[in-house]
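For the sequence shown, the positions run 136 to 371 when this note's numbering is used.
Just so you know, the hints here were simulated from the structure itself, not pulled from any lab data. All residues carry an ideal CB built from backbone N, CA and C; glycine is no exception. Where hints are given, some of them may not hold.
Simulated restraints on C-beta separations [to be verified]:
#1 Ala269 x Leu231: 13 to 23 Å
#2 Pro172 x Arg150: 55 to 65 Å
#3 Leu274 x Pro187: 17 to 27 Å
#4 Gly239 x Arg150: 45 to 55 Å
#5 Arg336 x Leu274: 13 to 23 Å
#6 Pro268 x Val226: 22 to 32 Å
#7 Asp320 x Glu246: 34 to 44 Å
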Amino acid sequence: MSALDFAAMLRAEKRKARSGAVAKPAPKPQQQRRPPPDAATAALDPSTQRPPLQTLPGAPPTIAYAADWISEAEEAAIVAAAKRGDDWVTVRGRRLRRLGGPAGEASFAPEPLPRWARDACAAAAASDTSSRPAPNHVLVNAYDFAKESYVLPHTDGPAYDDRTFTLSCGADAVVVFKERLKTSDIGVRAAATRCEVLLRRRSLLAFSREAYTECTHEIGAAPDTIGLCCVNLDAA
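With these hints in hand, go ahead and build the complete structure from the sequences.
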């Protein structure tokens, strides 16, 4: 067979292969995620003058607290709005909604918050003296203290800005801050308690910087038990 004949045969085989190739299906268009049922639900009165966050004697200086930060009517509206969500999941010790997108995942892209959550974030940022922007991510934790309900000691990690707000609705709770152990100390000794804060219904808690990076925080299964390290016993 001559070189010329071989080249002709190769071209013919390529044409045959192309004609018999199965066309790849066109990629499906990405479906838009439908808004949650509570997307447009309002809960806060924008004209309300809210109490400022104040540091607590005996607590790390980057922990601040404000009692009666929302009204009873606003509390009821927030609880009702949150319950309307269809994206609740059950995790260890509680039920959870994650609003604003899957923070911490490689594909994270911020998603719009429901109006009630967006308004609460804006109001919390306005009560803070740090002049940082309003949060754009919200975790809604639902506890059932009649059963075993809790949040284990943890840090919120590098996926978030080093500032967290906690708005308590529906029931009181106690948050416990403990030292963050070095890896070499885990399982060797117990973490020392830095402080406990009683979270009354309708209160706002903020913690940042050292309290965020150097402490763990947890919600115990006995919200009516207050330890000797509670720094706001006057709220009890």
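Structure-based check of each hint:
Against the hinted window of 13 to 23 Å, the Cβ-Cβ separation of alanine 269 and leucine 231 comes to about 21 Å, which satisfies the hint. A C-beta distance of roughly 57 Å is found between proline 172 and arginine 150, which places it inside the suggested range of 55 to 65 Å. Between leucine 274 and proline 187 the beta carbons are some 24 Å apart, a value that agrees with the proposed interval 17 to 27 Å. Range check, glycine 239 to arginine 150: Cβ separation about 51 Å, and the 45 to 55 Å hint holds.
Evaluation of the 13 to 23 Å hint for arginine 336 and leucine 274 yields a pass: the beta carbon distance comes to about 18 Å. Evaluation of the 22 to 32 Å hint for proline 268 and valine 226 yields a pass: the beta carbon distance comes to about 28 Å. For the pair aspartate 320 and glutamate 246, the beta carbons lie near 38 Å from each other, so the given range of 34 to 44 Å is met.
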